[in-house]
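For the protein sequence lines, the chains are V and P, in the order given.
The first sequence begins at 1 in the working numbering and counts up one residue at a time.
The second sequence begins at 1 in the working numbering and counts up one residue at a time.
Keep in mind that a hint or two might mislead.
Any copy, or any two copies together, can satisfy a pair, since identical chains are not distinguished.
[Claimed, not checked] DSSO-like mimics (lysine-lysine), calculated; alpha carbons at most 30 Å apart, straight line: (1) Lys194 <-> Lys87; (2) Lys30 <-> Lys200; (3) Lys30 <-> Lys194; (4) Lys46 <-> Lys200; (5) Lys87 <-> Lys200; (6) Lys194 <-> Lys79; (7) Lys79 <-> Lys30; (8) Lys30 <-> Lys87; (9) Lys30 <-> Lys46; (10) Lys46 <-> Lys194; (11) Lys87 <-> Lys46.
Hints in this document: simulated from the structure, not taken from any laboratory.
There are 2 protein chains.
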Amino acid sequence: MSAPVIAIDAMGGDFGPRCIVQAGLACLLKHPSLHLALVGQASLLKTLVAEELAAARLSVDSVRLRIVPATEVVGMDDKPTQVLRGKPDSSMRVALQLVRDSQAHACVSAGNTGALMALSRLLLGTLAGIDRPAMITAVPTDSGHCHLLDLGANVDCTAEHLYQFALMGAVAAEALGTVNPRVALLNIGVEEIKGCQQVKQAAVLLQQVEGLNYIGFIEGHGLYRGEADVVVCDGFVGNVLLKSSEGLAEMIGRRIETLFRQGLLARLAGLLAAPLLRGLQGEMAPAKLNGASFLGLQGIVIKSHGGASVEGLQSAIERAMQEIHENLPGRVRGRLEQLMGPEGHRS
Amino acid sequence: MSAPVIAIDAMGGDFGPRCIVQAGLACLLKHPSLHLALVGQASLLKTLVAEELAAARLSVDSVRLRIVPATEVVGMDDKPTQVLRGKPDSSMRVALQLVRDSQAHACVSAGNTGALMALSRLLLGTLAGIDRPAMITAVPTDSGHCHLLDLGANVDCTAEHLYQFALMGAVAAEALGTVNPRVALLNIGVEEIKGCQQVKQAAVLLQQVEGLNYIGFIEGHGLYRGEADVVVCDGFVGNVLLKSSEGLAEMIGRRIETLFRQGLLARLAGLLAAPLLRGLQGEMAPAKLNGASFLGLQGIVIKSHGGASVEGLQSAIERAMQEIHENLPGRVRGRLEQLMGPEGHRS
Chain V
1 MSAPVIAIDA MGGDFGPRCI VQAGLACLLK HPSLHLALVG QASLLKTLVA EELAAARLSV
61 DSVRLRIVPA TEVVGMDDKP TQVLRGKPDS SMRVALQLVR DSQAHACVSA GNTGALMALS
121 RLLLGTLAGI DRPAMITAVP TDSGHCHLLD LGANVDCTAE HLYQFALMGA VAAEALGTVN
181 PRVALLNIGV EEIKGCQQVK QAAVLLQQVE GLNYIGFIEG HGLYRGEADV VVCDGFVGNV
241 LLKSSEGLAE MIGRRIETLF RQGLLARLAG LLAAPLLRGL QGEMAPAKLN GASFLGLQGI
301 VIKSHGGASV EGLQSAIERA MQEIHENLPG RVRGRLEQLM GPEGHRS
Chain P
1 MSAPVIAIDA MGGDFGPRCI VQAGLACLLK HPSLHLALVG QASLLKTLVA EELAAARLSV
61 DSVRLRIVPA TEVVGMDDKP TQVLRGKPDS SMRVALQLVR DSQAHACVSA GNTGALMALS
121 RLLLGTLAGI DRPAMITAVP TDSGHCHLLD LGANVDCTAE HLYQFALMGA VAAEALGTVN
181 PRVALLNIGV EEIKGCQQVK QAAVLLQQVE GLNYIGFIEG HGLYRGEADV VVCDGFVGNV
241 LLKSSEGLAE MIGRRIETLF RQGLLARLAG LLAAPLLRGL QGEMAPAKLN GASFLGLQGI
301 VIKSHGGASV EGLQSAIERA MQEIHENLPG RVRGRLEQLM GPEGHRS
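This is chain V alone, in the form it adopts within the complex (with noise of 0.2 Å):
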């Protein structure tokens, strides 16, 4: 395969775009065969990347940083369907026209996700037999982590949507390095006749698969004891999972700083718990750290969350670099005729 070329739309993000220029060129350093193309405000981008090395006393090969300018900003409050028939020149559109067009081969944004997800499915298309793109992650358990979709691209999901959610996790598992990846269904409880209709409806579309390790139903605490690989809900319930984790994390990690200045033992306890303890709230924040991939599209797209540091998205370009090399969206294409038929029908 020739060098990944990764389009970054600049412009997105709470965090502004000179904390995606950072990102960008601390990608550059680290992987040498990268090339990015930061889609934006060209003047703007220009002064940003020459204050960047500047400052780093560091020079980068004008044919692995190009700048492509853009006039227009999507905002974090635009309602998609604005943006879709306005901004033309936005930066988020202009990004992933670069990879409708093959001058890119992946696109990353921290901006506004269900902007991002009706731009992607204008400019790229979704997957034969896929009506909607979802959108993924890996959640940390205690026997590594699970691929949790959708994470908030589709508010309402039918059975046909959780079901397509799952053959495409399924897949997306595999090609990232999961043997006969276990997939579940989150629900409120593991019987068969819990839930509501929607989740009991794709569990019997579910079982009918032939080739998917479909387990059944798993709860909150099943997903983190590692009990499936793919776990799979619409995307209001995966989005309040992954942000109320991401709270109680946190919130945990403030209650053991408080603890650990409570008296002189607990202080000199904190002492020698400090790093150990540092390197567990990094693991407990997926969401900040991961950037979310959009499974289903012609075309590889990660958001980076909003309020991502440098470390996120940075960690969003590497993940996209990682779906270029495995080739995604072919190998679930590919896999999804296998578990579906040709047609992108149910076999």
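Starting from the known structure of chain V, arrange chain P on it as the hints suggest.
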């Protein structure tokens, strides 16, 4: 008020009647005014009570501990509809009948949640203006705790249901000591355009309620940061949030234990930190420790966690005592009339 009488479904839950008998006896010892009615297979319960009392070399006034016979048991897998039509002499049903017939002030069960909800609605009825009761519990936050509802009684909710949950939650929080509680709808973003239709429509309804401190949408991390006193969602989402939080807290606990076993220095830190961390772990498992209360019924029903320990069951019985003391259903009814208007419709 006369001495509180609590009817306990002694046959429900994963740990069996002995655990329930132990919890009941512990509460009788701790609270000298409390009266209990243990409902279930009479000969079994008599034996268990006798054994537990003998082992502890105790005796208890038969006025304070009645055994009420019921020959059937609701299984954890029974469908609510089956339980409504069949099993007329189940321990769960008989315990609720004691509340309906004013022979007990509250019912506590660790049994099948769906069946308990269906039987409670049938036997006790809902308050005027309330279509469906909701389950509520206290979740730890940075600033103390917040009240989260619904926790799984209602998997599909309309905007009107969410609106009713919000009002009930606000009134319950007030009754339990929070002044002018901040009420929020759980959503996948705080912007108005975010979320599914039901949540957006519920927001419109809640903005119109005079006397309600509705503060808008909240995300999962906002909940743990203590940004609201009452957080409202449908039962599927609430159940997933609670159980995944429980699972994450347990996983972090296990990781901390592992961390403190790696090397001599870590072991030393672990020895010093162990008592601090044990206290924290207790606080982080709200579902196991606290009972969840059914709100919106004409009576007090507390659901204890199915996998609750003796300690968890005790805490559910004590929650029932608190609600009896606060006359929670009466206060909710009165305040709902103020907020909704006397007919139970929105004013």
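Lys87 and Lys200: within-copy, between-copy, both or neither at 30 Å Cα: Result: close only across copies, 26 Å inter versus 41 Å intra.
Is the C-alpha distance from Lys87 to Lys46 at most 30 Å within one copy, between copies, in both cases, or in neither? within (22 Å within a copy, 75 Å between copies)
Indicate which option fits the pair Lys30, Lys87 if close means a Cα-Cα distance not exceeding 30 Å: within, between, both or neither. neither (34 Å within a copy, 68 Å between copies)
Check Lys79 against Lys30 for me: Cα-Cα at most 30 Å, and say if that holds within a copy, between copies, both or neither. neither (36 Å within a copy, 57 Å between copies)
Could you figure out if Lys194 and Lys87 sit no more than 30 Å apart (CA to CA) within one copy, between two copies, both or neither? between (45 Å within a copy, 20 Å between copies)
Pop the pair Lys46 and Lys194 into one bin, within, between, both or neither, using alpha-carbon distances up to 30 Å. Answer is neither: 56 Å inside a copy and 34 Å across each miss the 30 Å cutoff.
At most 30 Å between alpha carbons: which applies to Lys30 and Lys194, within, between, both or neither? Neither: 49 Å inside a copy, 37 Å across copies.
Indicate which option fits the pair Lys194, Lys79 if close means a Cα-Cα distance not exceeding 30 Å: within, between, both or neither. between (35 Å within a copy, 9 Å between copies)
When no copy is named, should Lys30 and Lys46 be tagged within, between, both, or neither for a Cα gap of at most 30 Å? within (21 Å within a copy, 72 Å between copies)
With identical chains treated as interchangeable, where does the CA-CA distance between Lys30 and Lys200 reach 30 Å or less: within a copy, between copies, both, or neither? neither (46 Å within a copy, 44 Å between copies)
Tell me, please, which holds for Lys46 and Lys200 at an alpha-carbon limit of 30 Å: within, between, both or neither? Neither: 53 Å inside a chain and 41 Å across chains, both beyond 30 Å.
Checked against the numbered hints above, the structure violates hints 2, 3, 4, 7, 8 and 10; every other hint is satisfied.
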